[in-house]
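Visitor: Residue strings, one per chain:
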Amino acid sequence: AQSVTQLGSHVSVSEGALVLLRCNYSSSVPPYLFWYVQYPNQGLQLLLKYTSAATLVKGINGFEAEFKKSETSFHLTKPSAHMSDAAEYFCAVFDRGSTLGRLYFGRGTQLTVWP
Amino acid sequence: DARVTQTPRHKVTEMGQEVTMRCQPILGHNTVFWYRQTMMQGLELLAYFRNRAPLDDSGMPKDRFSAEMPDATLATLKIQPSEPRDSAVYFCASGQSSGNTIYFGEGSWLTVV
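Chains as they are written, first to last, in our numbering: chain A, 1 to 115; chain B, 1 to 113.
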């Protein structure tokens, strides 16, 4: 079975500081991996995705994530946090190993950005 | 700009009433997911369809919830009768069966009083 673990349900950084949100997954086959962002009272917006092309994936709003197969990780980073980055971030893995194929989500990480 | 469309965006209803939420997936997407989000449980997969056929609805309370896809452009999630514990945000998402493009709607915010 697939699973996604997001380390840290809450992360706080100062404006301008590095953002690092951690995601580890388990999968029987190389997965497709996603990061979604959810702003307050809004839906989930696709931030970036890894679909077995380049291991370093760039997304919207200056975010990027690196797929590391040896570490089964897909951590999300941004060099310099902005106040507008405050939101909840979800890591997800698509189960390619099953004929059913479904998306598994982590529990989410709430990012707070301090001025 | 293609997007998943959900209606209603907000719904307040009384306990015992029927609630129907609708979703229009992105044209050409053959997989549709229904998720429920609450503070306590996070994102839960309720059901999903491929080519209009239900693949998995094990996450859905069978006694009161039902999900259907009458056609390729419409998915519905029905709760009858509704209960206060059903208060949540219900998201629809659609994608290709290959799984490399999955997009969410804005959600239906349900409050059952």
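FYI, nobody ran anything at the bench for these hints, they're computed from the structure. Some clues are possibly wrong.
What the hints assert, rightly or not - With a straight-line Cα cutoff of 25 Å, these simulated SDA-like cross-link-like pairs (lysine to any residue) come out:
#1 A:Lys68 <-> B:Lys62
#2 A:Lys69 <-> A:Val113
#3 A:Lys58 <-> B:Lys62
#4 B:Lys62 <-> B:Leu46
#5 B:Lys11 <-> A:Glu88
Stated by the list, open to error - A partial selection of chain B residues facing chain A, derived with a Cβ cut-off under 8 Å:
#6 Phe65
#7 Ala67
#8 Tyr103
Glycine included, C-beta positions come from ideal geometry on N, C-alpha and C.
Visitor: Each hint: holds or not?
Guide: To see whether the hints hold, each was checked on the structure:
The hinted pair formed by lysine 68 (chain A) and lysine 62 (chain B) fails the criterion: a straight-line CA distance of about 40 Å is larger than 25 Å. Of the pairs offered as hints, the one joining lysine 69 (chain A) and valine 113 (chain A) is violated, with about 30 Å between alpha carbons and a cut-off of 25 Å exceeded. Of the pairs offered as hints, the one joining lysine 58 (chain A) and lysine 62 (chain B) is violated, with about 41 Å between alpha carbons and a cut-off of 25 Å exceeded. Proximity of lysine 62 (chain B) to leucine 46 (chain B) is assessed by CA-CA distance (about 10 Å); at most 25 Å being required, the pair is judged to hold.
The straight-line distance between the Cα atoms of lysine 11 (chain B) and glutamate 88 (chain A) is roughly 23 Å, inside the 25 Å bound, and the hint therefore holds. Annotation: phenylalanine 65 (chain B) was flagged as interfacial toward chain A, and the flag is violated, the nearest CB pair being 18 Å apart, outside 8 Å. Violation of the interface hint for alanine 67 (chain B) is found here, the shortest Cβ-Cβ separation to chain A being roughly 14 Å, above the 8 Å cut-off. Here the hint on tyrosine 103 (chain B) is kept, as its CB sits about 6 Å from the closest CB of chain A, short of 8 Å.
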